[in-house]
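Residue numbers (the UniProt record's numbering), protein chains in the order written: chain A, 1 to 265; chain B, 1 to 282.
To be clear, the hints were calculated from the coordinates, so they are not data collected in a lab.
No experiment lies behind these values; they were computed from the predicted model shown.
Check each hint, because a few of them may be wrong.
[Stated by the list, open to error] Derived DSSO-like pairs (lysine-lysine); straight-line CA-CA distance at most 30 Å:
1) 199(A) with 214(A)
2) 122(B) with 245(A)
3) 214(A) with 122(B)
4) 180(A) with 195(A)
5) 151(A) with 180(A)
6) 177(A) with 151(A)
7) 214(A) with 221(B)
8) 214(A) with 180(A)
9) 239(B) with 221(B)
Listed below, chain by chain, are the residues.
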Amino acid sequence: MMEKMIFGRFIPGDSLVHRLDPRAKILFVFLFIAIVFVANNAITYGLLIGFTLLVVFMSRIRLYFLVNGLKPVMILVIFTFLLHILFTREGAVLLDLGFMSIYEEGLRQGIFIAIRFLVLVFITSILTLTTSPISITDGIEVLLGPFKRLKLPVHELALMMSISLRFIPTLMDETGKILKAQMARGSDIGSGPVKERIKAVVPLLIPLFVSAFKRAEDLATAMEVRGYRGGSGRTRYRQLNWRFKDTASLLVLVALAGTLWYFRS
Amino acid sequence: MNSTILSFEDVTFTYMPEDESVRPAVENLSFSIQDGEWIAIVGHNGSGKSTIAKLMNGLLFPQQGTVRAMGQTMSEESLWDIRSQMGMVFQNPDNQFVGATVQDDVAFALENNGVPHEEMVKRVKESLHQVKMEEYVDHEPHHLSGGQKQRVAIAGALALKPRLLILDEATSMLDPQGRVEVIETIRELREATGLTVISITHDLEEAALADRILVMNAGHKHGEGTPDSVFLEGNELTKLGLDLPFAMRMTHLLREAGLPLTREHMTEDELVDELWTFYSDK
Ligand SMILES: Nc1ncnc2c1ncn2[C@@H]1O[C@H](COP(=O)(O)OP(=O)(O)O)[C@@H](O)[C@H]1O
Ligand SMILES: [Mg+2]
Numbered sequence: 001m002m003e004k005m006i007f008g009r010f011i012p013g014d015s016l017v018h019r020l021d022p023r024a025k026i027l028f029v030f031l032f033i034a035i036v037f038v039a040n041n042a043i044t045y046g047l048l049i050g051f052t053l054l055v056v057f058m059s060r061i062r063l064y065f066l067v068n069g070l071k072p073v074m075i076l077v078i079f080t081f082l083l084h085i086l087f088t089r090e091g092a093v094l095l096d097l098g099f100m101s102i103y104e105e106g107l108r109q110g111i112f113i114a115i116r117f118l119v120l121v122f123i124t125s126i127l128t129l130t131t132s133p134i135s136i137t138d139g140i141e142v143l144l145g146p147f148k149r150l151k152l153p154v155h156e157l158a159l160m161m162s163i164s165l166r167f168i169p170t171l172m173d174e175t176g177k178i179l180k181a182q183m184a185r186g187s188d189i190g191s192g193p194v195k196e197r198i199k200a201v202v203p204l205l206i207p208l209f210v211s212a213f214k215r216a217e218d219l220a221t222a223m224e225v226r227g228y229r230g231g232s233g234r235t236r237y238r239q240l241n242w243r244f245k246d247t248a249s250l251l252v253l254v255a256l257a258g259t260l261w262y263f264r265s
Numbered sequence: 001m002n003s004t005i006l007s008f009e010d011v012t013f014t015y016m017p018e019d020e021s022v023r024p025a026v027e028n029l030s031f032s033i034q035d036g037e038w039i040a041i042v043g044h045n046g047s048g049k050s051t052i053a054k055l056m057n058g059l060l061f062p063q064q065g066t067v068r069a070m071g072q073t074m075s076e077e078s079l080w081d082i083r084s085q086m087g088m089v090f091q092n093p094d095n096q097f098v099g100a101t102v103q104d105d106v107a108f109a110l111e112n113n114g115v116p117h118e119e120m121v122k123r124v125k126e127s128l129h130q131v132k133m134e135e136y137v138d139h140e141p142h143h144l145s146g147g148q149k150q151r152v153a154i155a156g157a158l159a160l161k162p163r164l165l166i167l168d169e170a171t172s173m174l175d176p177q178g179r180v181e182v183i184e185t186i187r188e189l190r191e192a193t194g195l196t197v198i199s200i201t202h203d204l205e206e207a208a209l210a211d212r213i214l215v216m217n218a219g220h221k222h223g224e225g226t227p228d229s230v231f232l233e234g235n236e237l238t239k240l241g242l243d244l245p246f247a248m249r250m251t252h253l254l255r256e257a258g259l260p261l262t263r264e265h266m267t268e269d270e271l272v273d274e275l276w277t278f279y280s281d282k
């Protein structure tokens, strides 16, 4: 099940979307989130769906893969949809079941909210699927650059983020090893009452924490030896390149906003 | 020209100076290392080897005595300059990999020292070439073997063009193949560049490759000398908690069994050579 989850996963590729500057993609997502709220009728929501599908198509990520990977989110979408249907009492009655009835406005609202949710999830997933975590970190660091003036430790935050990302697989491996070691000693996490299972997790977490602290200490030493003295006076190995296509991608978004504005009721 | 690149003069270091009952980790230690030498520091666990390494690059400061490196006395002021001229590789391959990918990790020290971008790209490429890891530029650490990670760590140190490379048990967590990879890399590097190397190890087979060996015992210098002269001590080293190389143990056992072997053998090949010519020489 974890394999299918696509949150935070990165699928390397060479599509136009892959090659965009991470800053452009991050800005794109934030602008898109704002624009989604302009839509308020069938035409505008239709346009949003069309646009999202276009982006998915350009990223060369298979729609099936995306839908499959977002199944857990779908449950949430269906749930909100049902909530709207059940609790909105406006417009004509479409269906009277006696104990409750479904109203026209409820159906409309439910569908719209579901679409809004879906396009947002799709577009943000496209961002994370087409951009390596390290590029996203770089993008965030540069975009937040101006806040350094306000004493926000932007460089440190970005470094923390990239080191955390770097250590996720290492710690996952380690968890697996400890789990097996404890299982060999007769610990059983998979069954029994909840209270017992929680108790069984403790001998898993403690060694993991101890080793994480040891790693952190070693890493800090290694960084200091290699001359790390905080963000000032540092140069960057990874350079970001803002090209015309990056500007163009944001202009397309502005055009979309204009169109939606024109067609909204 | 042989000049001293690093020296300890009567250095004593205690982790807990306030606690009288704790013995110093390193006591009254003096030695010096010449430019271009390959020195091995050997000793049992807890004999103070890692402490020496940390004193060498100013991660720790001695309570007594002086550490001099690259012609400067180690102090808060000279620290960063000295560090930029020495590379250091540690034991655990995972815990010293900072970058998200191989190239990011190699570039880390360069970034810290404010090297311009074009120069960085060039040096990352060169260093990875030196350790034969150029095909792996974009690999993430969890897709590399231990030996490969250690070679990347060496490349990361080389990128700064250091004069001195310190390896603190850099091979002790590796499988035999990884160990050979790393030792070969060091050997080739020394041939190509004449880099000064200090390898800290408790593997005497690895130490045998060095020009000179420094033997540590419980924070004190037990002795120093060429591998041949150090290994003459034989069983004395075993008492210090060191594992003699297989060929040497074999030589000793054969001698005990009454076989009059002519000399100490450090490698299996040497031993085998003497054994198969044993009777014909008579
Ligand atoms: N951070 C520390 N705090 C207190 N004591 C330490 C610390 N690190 C090492 N020691 C002690 O110093 C001595 C030398 O340790 P170390 O230099 O790590 O030896 P080696 O690397 O030869 O195994 C040991 O007795 C060890 O227990
Ligand atoms: Mg040690």
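Structure-based check of all given hints:
Distance restraint check for residue 199(A) and residue 214(A): the Cα-Cα separation of roughly 24 Å lies within the 30 Å cut-off, and the hinted pair is therefore satisfied. Proximity of residue 122(B) to residue 245(A) is assessed by CA-CA distance (about 28 Å); at most 30 Å being required, the pair is judged to hold. Only pairs whose Cα atoms come within 30 Å are accepted, and residue 214(A) paired with residue 122(B) is rejected, the gap being roughly 34 Å. Straight-line distance between C-alpha atoms of residue 180(A) and residue 195(A) comes to about 21 Å, which keeps the hinted pair within the 30 Å bound.
Our distance criterion of 30 Å between C-alpha atoms is broken by residue 151(A) and residue 180(A), whose separation comes to about 45 Å. Our distance criterion of 30 Å between C-alpha atoms is broken by residue 177(A) and residue 151(A), whose separation comes to about 41 Å. At most 30 Å may separate the alpha-carbon atoms for a hinted pair to count; residue 214(A) and residue 221(B) meet this at roughly 29 Å. Pair hint residue 214(A) plus residue 180(A) holds up; C-alpha atoms about 21 Å apart against a cutoff of 30 Å.
Straight-line distance between C-alpha atoms of residue 239(B) and residue 221(B) comes to about 15 Å, which keeps the hinted pair within the 30 Å bound.
Going down the numbered hints, you'll see the structure goes against 3, 5, 6, while the others check out.
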